[in-house]
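*Asks:* Chain F is already provided as a structure; the job is to place chains U, Z and Y on it using the hints.
Number of protein chains: 4
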Amino acid sequence: MIRFLSDNVASVHPAVFDALTAANAPDAGYDNDAISQSLNSRFSDLFETQVQAYWVATGTAANSLALATLCPPYGAIITHQESHIQNDECGAPEFYTHGAKLLLAPGDGAKLTPKAIIARAASIPADVHWAQPHALSMTNATEYGCVYSAEETAAIGEICRSKGWGLHLDGARFANAVAALDVAPAELTWRAGVDVLSFGFVKNGGMNAEALIFFKPERAAAFAAMRKRAGHLQSKGRFAAAQLCAMLDDDIWLTNAGAANAGAKLLAEAAPSRLVCPVEANEVFIRLSPTEAAALRADGFAFYDWADGEARFVVSWDQPRSEIDALVAALRKHLLS
Amino acid sequence: MIRFLSDNVASVHPAVFDALTAANAPDAGYDNDAISQSLNSRFSDLFETQVQAYWVATGTAANSLALATLCPPYGAIITHQESHIQNDECGAPEFYTHGAKLLLAPGDGAKLTPKAIIARAASIPADVHWAQPHALSMTNATEYGCVYSAEETAAIGEICRSKGWGLHLDGARFANAVAALDVAPAELTWRAGVDVLSFGFVKNGGMNAEALIFFKPERAAAFAAMRKRAGHLQSKGRFAAAQLCAMLDDDIWLTNAGAANAGAKLLAEAAPSRLVCPVEANEVFIRLSPTEAAALRADGFAFYDWADGEARFVVSWDQPRSEIDALVAALRKHLLS
Amino acid sequence: MIRFLSDNVASVHPAVFDALTAANAPDAGYDNDAISQSLNSRFSDLFETQVQAYWVATGTAANSLALATLCPPYGAIITHQESHIQNDECGAPEFYTHGAKLLLAPGDGAKLTPKAIIARAASIPADVHWAQPHALSMTNATEYGCVYSAEETAAIGEICRSKGWGLHLDGARFANAVAALDVAPAELTWRAGVDVLSFGFVKNGGMNAEALIFFKPERAAAFAAMRKRAGHLQSKGRFAAAQLCAMLDDDIWLTNAGAANAGAKLLAEAAPSRLVCPVEANEVFIRLSPTEAAALRADGFAFYDWADGEARFVVSWDQPRSEIDALVAALRKHLLS
Amino acid sequence: MIRFLSDNVASVHPAVFDALTAANAPDAGYDNDAISQSLNSRFSDLFETQVQAYWVATGTAANSLALATLCPPYGAIITHQESHIQNDECGAPEFYTHGAKLLLAPGDGAKLTPKAIIARAASIPADVHWAQPHALSMTNATEYGCVYSAEETAAIGEICRSKGWGLHLDGARFANAVAALDVAPAELTWRAGVDVLSFGFVKNGGMNAEALIFFKPERAAAFAAMRKRAGHLQSKGRFAAAQLCAMLDDDIWLTNAGAANAGAKLLAEAAPSRLVCPVEANEVFIRLSPTEAAALRADGFAFYDWADGEARFVVSWDQPRSEIDALVAALRKHLLS
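Chains as they are written, first to last, in our numbering: chain F, 4 to 340; chain U, 4 to 340; chain Z, 4 to 340; chain Y, 4 to 340.
Okay, chain F solo, but in the shape it has when bound (with noise of 0.2 Å):
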């Protein structure tokens, strides 16, 4: 079988393995270890502002408490239709939250648009009926492998500031969006409004640790008691934070998300006619029929059916270029129009 499913699953990072072999020697527990102590410098650093930095260990707690921090129980969140959040985190935000509601709003390639957010805004009347905003969630690059541009962030960061609701930026493949757009870190967050982002690394050569990044000091003051009382404040913090260091050295970070996305490319150059939108990161959408779909699968891919006729196909890391090679062979072969 060869495996486009999804890249969280692919292969731990050679430099992150070596990065826990030497951390084992006992230090401090739970973040008062060096290494997690170096987070806010080495993430302040990257973002060319101070920030505070935490290691968590999947993306659904690292989006879940940054919404807790941004959104009382009795708010909302607006939120892409499509979002993670939304979707595949089995009501995590509702939980972490203690109940605060999404508020759905659509547009393609899961992008949220400025008109479809005021849209979403003016329905609800400001009364103690409905649940007011107070935070909204995006998600770059989104699940549908599309980017958010650092103009078009900041479009969204001026109507959340205009607003007073707090911004959060689902990052899960955030290297892939800065990977694809080539633009500085802090373009696509703090200099375009975002409070907070989750910032993904397992599904690009981590193991078990993501960060998130507050760029404003008084949204992390409940954090530390938020982290803790959900269990996930590891007492051998140092792994998850020497997991972070590691792929922040020598950028492989970014290195291993330009190697999906262009991976990603090759694959959208294969069958251009049928994309469901265009190909930014490292997933791509192609229109399928149930021919066809079966047809690359018993050439052994395997990938996800995903809405209505379409098939999706991601593209990680540590994918071997002959792995590409052969569904773009098999995509032009299967593939009659």
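By construction, these hints were calculated from the structure, which means they are not laboratory data. Just to be clear, a hint being listed does not mean it is correct.
What the hints assert, rightly or not - The list that follows gives simulated cross-link-like pairs (lysine-lysine, BS3-like), each with its CA atoms no further than 30 Å apart:
| # | chain 1 | residue 1 | chain 2 | residue 2 |
| --- | --- | --- | --- | --- |
| 1 | U | K336 | U | K268 |
| 2 | Y | K219 | F | K166 |
| 3 | Y | K166 | F | K219 |
| 4 | Z | K118 | Z | K219 |
| 5 | F | K166 | F | K219 |
| 6 | U | K219 | Z | K219 |
| 7 | U | K166 | Z | K219 |
| 8 | Y | K166 | Y | K118 |
| 9 | U | K166 | U | K219 |
| 10 | U | K219 | U | K268 |
| 11 | Y | K268 | Y | K336 |
| 12 | Z | K118 | Z | K166 |
| 13 | F | K219 | Y | K219 |
| 14 | Z | K166 | U | K219 |
| 15 | F | K118 | F | K219 |
As the list claims (entries may be wrong) - One-sided and incomplete, this derived list gives chain F residues near chain U with beta-carbon spacing under 10 Å:
| # | residue |
| --- | --- |
| 16 | T24 |
| 17 | A26 |
| 18 | N27 |
| 19 | P29 |
| 20 | A60 |
| 21 | A64 |
| 22 | A65 |
| 23 | L68 |
| 24 | P96 |
| 25 | V205 |
| 26 | G209 |
| 27 | K231 |
| 28 | G240 |
| 29 | F242 |
| 30 | A243 |
| 31 | P275 |
Claimed, not checked - Cβ-Cβ distance ranges computed for the label pairs, FRET-style:
| # | chain 1 | residue 1 | chain 2 | residue 2 | range |
| --- | --- | --- | --- | --- | --- |
| 32 | Y | A129 | U | K118 | 32 to 38 Å |
| 33 | Z | E221 | U | P323 | 58 to 64 Å |
| 34 | U | Q53 | Z | T116 | 43 to 49 Å |
| 35 | U | S126 | Y | D111 | 15 to 21 Å |
| 36 | Y | P117 | U | P323 | 46 to 52 Å |
| 37 | Z | T116 | F | A187 | 49 to 55 Å |
All C-beta atoms, glycine included, are put in the ideal place defined by N, C-alpha and C.
*Replies:* Here is chains U, Z and Y on its own, set in the frame of chain F:
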């Protein structure tokens, strides 16, 4: 500094590292990989009965998820007033159970007694104004390094059975209890009435994976959804599962715990008249005057002050014999009576 | 000002006042008084089956408590996108269920259809990443003043039965639906598969008491504790129970609802070409131009703008015929086409 | 049966009935009606400062909503181990605060002392593993019928101020405390540092409305949404507000409380050597042998057994003098020492 602060920052056993490396090839996500799928079988063998076994990242998550399967939001959980779930988890049980109450009972050595349990239960009128007990949580080995024998556990199990309460065993140091008592794990768990066990590995040579063991399958029905929505379902779960399997191989878990216990025994023998309670596992609580404590610290030993005039020394699985011997000598030198 | 804003501020029926006065002598507290204890019997008679009947202060509390008995925190509830529980309760269902998700389905007149329900359910993969539906909530009469017939209700009930979902009926205007359809209450509830009914009285002549009716006793097991811990167990519960009994006496509930429905029919006949949907209960939705709306308001009529170009007129049980006639005349005068 | 069980089922004062009747004409919904809108002014006059005043249906709701405005989910609330919020609300504070912990302190007569508060606080290490105190809740008059003087309250208020904790006063029997102490309500509340007061009326002649008084407007900011999503925002709120206003008129609240207190004093004088604690409000706790308790019950008196060998007698505002006299005589007859 010679660390006797806690076993929770000890090094990771080499076999765990080997297992992580061996698990690196991509496999199915979450806990659909081969190693995760082997856990039921591995732990069923260990416990001599059919169990359902899951990995989670921390002991707090294990405890809280276990309690959430045993107690509804409007219920109560009887536990010791010194228990970790009451004092060291920042309200995690309340978060995961959505507000169940912990009802506290006293007892020497942080051990619950049938008498104390029955008295606590009797103080709760059986009407709608009081949160009614639905579960009991005990810890073996306890926060004071004492152990419950199989018979003591069974006596509590019998109370729970008669009351209809679920019985949770916080086994952050379950390995130490098994090693101390030299009994089959089954004797301290399901044969004694335990429904769910938080089986700790991190303090005992693991990196960041604990096991949650359900002895009654029906108790696990909601667990998968609860773990997911808590952000504790890791996508590369194979690395968590691999740690647990590595620790079970060759009984490393038992060897490690035995080593830690043996070190504690040596410490206890150095200060027999000063012990706060019997030293049965890997923790030693010693009454120290401020002068004595200062002298030990001046010699380079790190340990926590506990209650008034008490100090806690924890021996880790990897603690060098030379460190034990050094502390033994220092205790003999500085403790005058 | 002539009020057609809502029936939720109408006057209280004189029989209710009489009942309150009659209930003044001290009796047992909470719902141990004689009147509260009579509710099961009174509502069992009405519904021609053994029910468990409880008072609560508001419809939002009734709905939320009902849903909390049907859906676990990690589950989901299918409901109409225009439903009161989604739009008008500030997240109360999420609060009471501890974060269950509402999954929205469309439908004319705020009515769910089997087709829309099945499509919504089919959009939820049966895996741990999605909150799985455990319940469905429908409203009769709907937020658009439409009614579900017994057959329509039963069709939905059959879906719920086959899926294993609990079925909640928001009956804030259940009386209006019964009056409109002229069927036995049993036909619109348990015979059609309804598990729990929020039976509204406040809009229909009560003061501050609604009924919550459980058709399956096992569904009510946790209700008493849930109501208590929500602060909805009033100590002088006899005054809540007395209101419900007074409304049942002499079928006041049905008479009042019939009167309101009749008023709405008269309004509907004054603007037949402008109706947004069929007028089946006591609400009338009329398409109005801004000029027409302004003219009506200038004549002293108070009503809400609803969706784009729609206005809502609600007739209350106690609305004087003169006010109905005045509005009829005004509609005929100001609506030109 | 002559009821000394509780004041919570007493009759409703005639002036309250009159006010309900007078409020029957439709007005704006929720708390937009004229009477509800008058509450701020009415209670500001009473407390000699600008307050925000709201109605809720029960004391449990008042307490829980108050605590939810003062303490985040990950925080803790210091309270007496005999407090109503700990023992009689089935976990309502935990429900409303989303799992905050109650930290219990001892004290005679169910009164907190500065010493006990400081000791309890000192037992909580200031680290992330412990839920940190954010609020304190005290009760005046206490569950044992004792009162805190203005000075005693201020001493606790000063601790809260210095610690940065919110201070909640459970005043289910605040009227009894004011009547007992003959001081201005301001002295027992904001002047002593109280932030939020649950001001009870139901036990004192009301039907089903309590007041929640915020002395600092910023503390009330989230209250409206919290009340709504708890299902405690009644649509015909004018009937709740009317009760409160009626009780304030002519100081009925104070007269009623004074009458109840006076009855309790008479009872206390009949058994001075048997009192569990000073009788300062309307509750009398008497040590009774089983024989004595049985004799009193045989004479027709209804009362609760409390702790071992203690019985609780509560005098209601409307208790006839003849019932007091009868109990006095019975106590004198049956109590031999």
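*Asks:* For each hint, tell me whether it holds in the structure or not.
*Replies:* Hint check:
1. Under the criterion of a C-alpha separation no larger than 30 Å, the hint pairing U:K336 with U:K268 is consistent with the structure, at around 18 Å.
2. For the given pair, Y:K219 sits about 25 Å from F:K166 by alpha-carbon distance, which is consistent with the 30 Å threshold.
3. The suggested pairing of Y:K166 with F:K219 holds, with an alpha-carbon distance near 25 Å, which does not exceed 30 Å.
4. Annotation: proposed proximity of Z:K118 to Z:K219 holds, straight-line Cα distance about 27 Å (limit 30 Å).
5. Taken as a hint, the F:K166 and F:K219 pair is honoured in the structure, with Cα atoms around 17 Å apart against an allowance of 30 Å.
6. Proximity of U:K219 to Z:K219 is assessed by CA-CA distance (about 27 Å); at most 30 Å being required, the pair is judged to hold.
7. Of the pairs offered as hints, the one joining U:K166 and Z:K219 holds, with about 25 Å between alpha carbons and a cut-off of 30 Å not exceeded.
8. Between Y:K166 and Y:K118, the direct Cα distance comes to roughly 14 Å. Compliance with the 30 Å bound is thereby established for this hinted pair.
9. Distance hint between U:K166 and U:K219 is fulfilled; the C-alpha atoms sit about 17 Å from each other, no more than 30 Å.
10. The straight-line distance between the Cα atoms of U:K219 and U:K268 is roughly 36 Å, outside the 30 Å bound, and the hint therefore fails.
11. In summary, the hint linking Y:K268 to Y:K336 is supported, as the alpha carbons are separated by about 18 Å, within the 30 Å threshold.
12. Distance check on the hinted pair: Z:K118 and Z:K166 sit about 14 Å apart at the alpha-carbon level, within 30 Å; holds.
13. Between F:K219 and Y:K219, the direct Cα distance comes to roughly 27 Å. Compliance with the 30 Å bound is thereby established for this hinted pair.
14. Between the alpha carbons of Z:K166 and U:K219 the distance comes to roughly 25 Å, so the proposed pair stays at or under 30 Å and holds.
15. Taken as a hint, the F:K118 and F:K219 pair is honoured in the structure, with Cα atoms around 27 Å apart against an allowance of 30 Å.
16. Evaluation of the F:T24 hint against chain U yields a held restraint, the C-beta minimum of about 6 Å falling below 10 Å.
17. The closest approach between the C-beta of F:A26 and any C-beta of chain U is roughly 9 Å, which is under the 10 Å cut-off, so the hint is satisfied.
18. For F:N27, the interface hint holds, the least distance from its beta-carbon to any beta-carbon of chain U being 5 Å, beneath 10 Å.
19. Against a cut-off of 10 Å between C-beta atoms, the interface hint on F:P29 holds, since the closest Cβ of chain U lies about 5 Å away.
20. Residue-level restraint check for F:A60 holds (minimum Cβ-Cβ distance to chain U is 5 Å; threshold 10 Å).
21. For F:A64, the interface hint holds, since its Cβ comes within 10 Å of a Cβ in chain U; the closest pair sits about 3 Å apart.
22. Hint status for F:A65: holds, given a least beta-carbon distance of 8 Å to chain U, under 10 Å.
23. Using the Cβ-Cβ criterion of 10 Å, the hint placing F:L68 at the interface with chain U is satisfied: the shortest such distance is roughly 8 Å.
24. A cut of 10 Å between beta carbons decides the hint on F:P96: the least distance to chain U is about 9 Å, and the hint holds.
25. Nearest Cβ of chain U to the Cβ of F:V205: about 6 Å, under the 10 Å cut. The hint holds.
26. Hint status for F:G209 relative to chain U: holds, with the closest Cβ pair at about 8 Å, below 10 Å.
27. Hint status for F:K231: holds, given a least beta-carbon distance of 4 Å to chain U, under 10 Å.
28. Nearest Cβ of chain U to the Cβ of F:G240: about 9 Å, under the 10 Å cut. The hint holds.
29. Annotation: interface hint on F:F242 holds; nearest CB of chain U at approximately 5 Å, less than 10 Å.
30. The interface hint given for F:A243 is met, as the beta carbon of that residue sits about 7 Å from the closest beta carbon of chain U, less than 10 Å.
31. Interface hint status for F:P275: violated, as the beta-carbon distance to the closest one in chain U is roughly 28 Å, over 10 Å.
32. Distance hint for Y:A129 and U:K118: a CB-CB separation of about 35 Å, consistent with the stated range 32 to 38 Å.
33. At roughly 60 Å, the beta-carbon separation of Z:E221 and U:P323 lies within the given 58 to 64 Å, and the hint holds.
34. For the hinted restraint 43 to 49 Å between U:Q53 and Z:T116, the CB-CB distance of approximately 45 Å keeps it satisfied.
35. In this structure the hint that U:S126 and Y:D111 lie 15 to 21 Å apart at CB holds, the actual value being about 19 Å.
36. For the pair Y:P117 and U:P323, the beta carbons lie near 49 Å from each other, so the given range of 46 to 52 Å is met.
37. A hinted range of 49 to 55 Å holds for the C-beta pair Z:T116 and F:A187, which are about 51 Å apart.
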